[in-house]
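Chemist: These are the residues of each chain, in order.
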Amino acid sequence: MNCKSVIRELSNYIDGDLDLAMKQELERHLGHCEDCTMIVDQTKKTVEIFCDSEPVDLPTDVHSRLHEALHRRMKEKPN
Amino acid sequence: MTGTGQKRTLVNTPIALSTPNPHRLPSTVARADEHLLVAAAKAGDAAAFEELVNRYERKIFRLTMNITGNREDAEDAMQDAFLKSYTHLQSFQGDSRFYTWLVRIAANEALMRLRKRRPNQFSLDEPVEGEDDLMPREIEDWDPTPEQRYAQTEMHEILNEAVAKLEPDFRTVFVLRDVEQLSTEETAQALGISVPAVKSRLLRARLKLRQKLNRYFRRGESN
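Those sequence lines, one after another, are chains A and B.
Each residue of the first sequence is one higher than the one before, counting from 149 in my numbering.
Each residue of the second sequence is one higher than the one before, counting from 159 in my numbering.
Chain A with its partners taken away, still in its complex shape:
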């Protein structure tokens, strides 16, 4: 496996979607390629940082307008 193939399979590797033979082949390449190892680790870190993100609180005015609109709709059309 060369560097280009590693990059092509990077997402599948991070997501655990590679079959065992492909995963082992990719990891053999990582064993001797410092650049690919950095790219894999950093991309994984990038995904983790976004994945661990939590939304901030909704601004009060946005929350109020949403619930007012919802109450109006609930009055017009009860489920």
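Quick caveat, the hints were computed from the structure, so don't treat them as lab data.
There's no promise every hint is true.
Under the rule of at most 30 Å between Cα atoms (straight-line distance), these lysine-lysine pairs were calculated in the DSSO-like manner [unchecked claim]:
{"id": "1", "chain 1": "B", "residue 1": "200", "chain 2": "A", "residue 2": "225"}
{"id": "2", "chain 1": "B", "residue 1": "357", "chain 2": "A", "residue 2": "193"}
{"id": "3", "chain 1": "A", "residue 1": "223", "chain 2": "B", "residue 2": "200"}
{"id": "4", "chain 1": "A", "residue 1": "193", "chain 2": "B", "residue 2": "366"}
{"id": "5", "chain 1": "B", "residue 1": "357", "chain 2": "A", "residue 2": "171"}
{"id": "6", "chain 1": "B", "residue 1": "323", "chain 2": "A", "residue 2": "192"}
{"id": "7", "chain 1": "A", "residue 1": "192", "chain 2": "B", "residue 2": "357"}
{"id": "8", "chain 1": "A", "residue 1": "152", "chain 2": "B", "residue 2": "323"}
Add chain B to chain A, keeping to what the hints say.
Modeler: Just chain B now, kept in the frame of chain A:
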């Protein structure tokens, strides 16, 4: 080669950091009692539906904000998504999680507004791109815990700016897949594109974000 662009201050920061949650489990946002709330809401319990809104409004606003990049559009898209989900609740069959169904509606509402505002910059129907542009540039060592170098507010700005600068096609897939944690299949279904197209765009989005974060996270970079 490294980027030297100025950081800009974002007014709205829909992304924030918290303690890590399990990675790669699709739609983990749905708590176990979601189906009970949905059943009660379908039976006419307005408070149950409002509880669903309270539970998901922050996430749906973050989603619409991330897709549209515009607060007014994001608010409209979120509001319409909740109103539509209420109006069409009886047609929700429960073959997916309510949250996934809601995300699909909200993503469509947001995409509609994005296309309207920027008709020439967005086309989810484009064919999957070639591989020539994939090889990363700027390969530099990062600190082991680079995110800890920044205050939370500053980190929010860095992440939001990085996502906002992605092309809409890539941004939308990334947001659904990695921020909202839908599965690849759920993302494909939500956007009406193929699984290979989701995978291709997700790979590109991840590589582009790695590159955008490189300038902040590389070893020796002073805050």
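Chemist: Next step is simple, just say for each hint if it's right about the structure.
Modeler: Consistency of the hints with the structure:
1. B/200 x A/225: holds (12 Å)
2. B/357 x A/193: holds (18 Å)
3. A/223 x B/200: holds (15 Å)
4. A/193 x B/366: Holds, because 13 Å separates the two Cα atoms, which is no more than 30 Å.
5. B/357 x A/171: With a Cα-Cα distance of about 17 Å, the restraint between residue 357 of chain B and residue 171 of chain A holds, given a limit of 30 Å.
6. B/323 x A/192: Holds, at about 20 Å.
7. A/192 x B/357: Holds, at roughly 15 Å.
8. A/152 x B/323: holds (25 Å)
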